[in-house]
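Peer 1: Take these sequences, add in the hints, and give me the full structure.
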Amino acid sequence: MSEDIIAALKENVIQGRQNQDDEGIEEDMAGTPGVLELTQAALEKNIPLEDIITQGLTAGMQVVGEKFSTKEYYIPDMLASAQAVGAAMDVLKPHLESSNVETKGKFAIVTVKGDIHDIGKNIVSILLKGAGYEVVDLGTDIPTEKIVEYVREEKPGYLGLSALLTTTMVAMGEIVEALKKNGLREQVKVLIGGAAVSNEYAEEIGADAYCVDGFEAVRVLDGFQKSRA
Amino acid sequence: MPREGILVRNPYERISKEQVLQIHQAALEILRDPGMMCFNKQAADIFHSSGAEVTSVSPSDRSAWLVKIPEKLVIDALDTAPKTVKLGARNPDNILIMSGEEPRVYFISGSETNIWLDVDFPSYIKKSDPSTEIRVPEFHARRGTVADLCMSAHVCEHLETLDGYIRTVNIQDKDITEDNKDVNKFFASLNNTTKHVMSGLTSLKQLDNVINMAKLIVGGDEELRENPIISFITCLVKSPLQFVDDTTDTFIEICRRGLPIVVSSSPQAGTTAPMKEAGIMAQINAEVLAGITLGQLVNPGTPVLYGSVPVRARLDTLGDSYGSVETSQYNIDCVQMARFYKLPNYSTAGVCDTKTPGIQSSIERLFSQILVTLSGPQYLHCAYGLLDCNSVFCLLQAVIDDAHFQMIKFFLKPPQIDELNIAETLKQTREVVETPQKLYINYIRRIMRSGELSVPYPFEGDGDRDTVFEMAYNRMQEFLAKPVEHIDEAIAKKIFQNIPGLLPRLNVYEERRQ
Ligand code: B12
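Protein chains in written order, with the working numbering: chain A, 1 to 229; chain B, 1001 to 1514.
Honestly, the hints are just simulated from the structure, not real lab data.
Everything numeric in this text was worked out from a predicted model, so none of it was measured.
Just to be clear, a hint being listed does not mean it is correct.
Pair by pair, the computed Cβ-Cβ distance ranges are [to be verified]:
(1) I1134(B) / E66(A): 28 to 38 Å
(2) L1412(B) / Q187(A): 51 to 61 Å
(3) D21(A) / E1419(B): 17 to 27 Å
(4) E145(A) / G1463(B): 35 to 45 Å
(5) L1412(B) / E145(A): 53 to 63 Å
(6) R1014(B) / D28(A): 47 to 57 Å
(7) L1412(B) / G65(A): 32 to 42 Å
(8) K1127(B) / G65(A): 15 to 25 Å
(9) K1127(B) / G139(A): 51 to 61 Å
(10) I1447(B) / D28(A): 14 to 24 Å
(11) E1004(B) / E216(A): 42 to 52 Å
(12) D21(A) / P1483(B): 39 to 49 Å
(13) E102(A) / I1447(B): 33 to 43 Å
(14) Q1019(B) / D28(A): 55 to 65 Å
Backbone N, C-alpha and C fix where the C-beta goes; we use that ideal spot for every residue, glycine too.
Peer 2: Right, dumping it as structure tokens:
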């Protein structure tokens, strides 16, 4: 029985069905339980959190990733699956906090001051959440002080900065400097992205990494996880 | 089910209704005075006995007549010419039905080019950095052969947008003569495509052999009339305003047999027609109407297409300039004239001036392919693979053209704006504004898989380099490797027994046995 739920969970992640109203890709799926309902059911059946995450959600995402790399899936499919997993992680969050299952950590993402572009930032959020990170979106056009304050108070392991304008990307350098000045630089890894920036720019301002897209962000962060372990 | 082609709603019109009438009137005027110079006795006799004013003029050693065609003959002919023409096909799913009143476009290959262009990709090493090696497409011109014709028909069978086949290359093998050329070109075409086959005729003596071949394929006389798998194109008029002797004979004979035929005229603005648009239009219209009138006098009700291949002269060579912008203008005007007469139109687009595939060829051909299609001709010929103003055919280019037409066909799909779609949109909008990301991406997935979205350009590579030629070449090889449905063995056997002049090497069943 619990295997059935886990198998269904994995399948629904592959289908990108967050809840029972979603259509998925195959015909006739609408109405059957989606990732949210199945996660609830798994919790009720006391299936170990670890199994729900690794054998259901992550295993499903693994397949989605493979389908994406063979071009059977497109980015919207990837995002739908990531969103479904993200929603499941929200449901699991309180349970994870009270257990000793290790999470991947908190990722705060923001579009810097003066910049309102947020499509890229939102996509990165969805993908990271789907990859098992706890994502906090601080919004767009956010002043440096606010970001620094957030890092001080909430202690995210990762900070993602997005800027699409050559005029706003300078704020990224300011943020890194401000983190240093406040003695916070060592506690947070800083990732930057957006059309205006590059690897060189990341080096120049002393960020930890530049990511060309959300997929690279997942790879880079997972790489940090490994080096931490 | 016949082929769908693509219906052009709200076809583009270049000239006003008034201008259409002006061209019509001017053409009638031209047919009355100066009239047509006729070098064909039969035609002169037919016009004479139908009430035209025919006077013998002998400009040189040849007999010639001046035929002044009264308006009534033209109007009567326009009356008896069918408004809908069916072009049959070996595979019934490939039948084309064209109505002069419906701007439904079919994309057709053609015409008979002397030169076949091969491509290969030799590699080059960079002088300043010998570790860098690149492959560069190279095109090689040579005379066309019957094997090329088979290959081209084979690939054209697999080109999704190509609706009908006009032989793309002139077969110039050593063993091809005037007496066996027609049967071999028709057989090579018919045996490698199940789509409609149209061609010109080299020798009138071969007409019945060709028709008998078609009858053997479809099963008889009645069957061929019902499903005319072959049709003909004749340029009986030479610009300006002359009925040529031999093609007019051929034209008359084909009309007598009642098979579909294109009355085509190809004046060149600046040399064989006036340079200005009004002039070439009045003249080409007169020339086509003269041919149609003759055809209907020979056999009232014979199915004809209003055939227009107007071009502008290149001023550097006085050769045809298919790539010139004016050529598209003239063609669109002709589409409108044919529609005014409610006759299906055979129109021209997609040919370029340049000799090899590349940037110039892409721009010139796509320009006319889009514009002329938007005007809604029924039968759009020349559209695949032609270069160098109709003298060169490149199969690789034909494969690339297929991608152009996929885009054009997609563009012409009817818009889906209706209550259902609006209701869906409102629902989505309300849902999306409530989400943190405010993106509609989730709704793309179904549409993405429904075939409702256009596909990316099919010859786009992964990297930054332009890979169009290499990828199109691979596609061409895939098409060549994919079999076609040949004429069935028993029928092929009968054809080879009964139709004289066929080259034994065209018999795929015999070849396989060896
Ligand atoms: C859409 C768009 C807009 C939309 C934004 C809507 C929205 N909700 O975001 C609107 C119309 C509002 C807009 C406004 C403006 N725009 Co604008 N815009 C764009 C455009 C066309 C696409 C951006 C986009 O969404 N791309 C799609 C997403 C998926 O890609 P992405 O953002 O790059 O994100 C991916 C990666 O970069 C990476 N990534 C991004 N951020 C992050 C962060 C992290 C941490 C990580 C790991 C990864 C990552 O992952 C993402 C997903 O794969 C770009 C052109 C371009 N080439 O980028 C111009 C562009 C960015 N805009 C430009 C300009 C000039 C403006 C305006 C100033 C125009 C004006 N005069 O008003 C205003 C800016 C106002 C402001 N203060 O910010 C210029 C910037 C030039 C410059 N100086 O640098 C661009 C480059 C266009 C151009 N060539 O002129 N714009």
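Peer 1: Quick check: which numbered hints come out false for this structure?
Peer 2: 8
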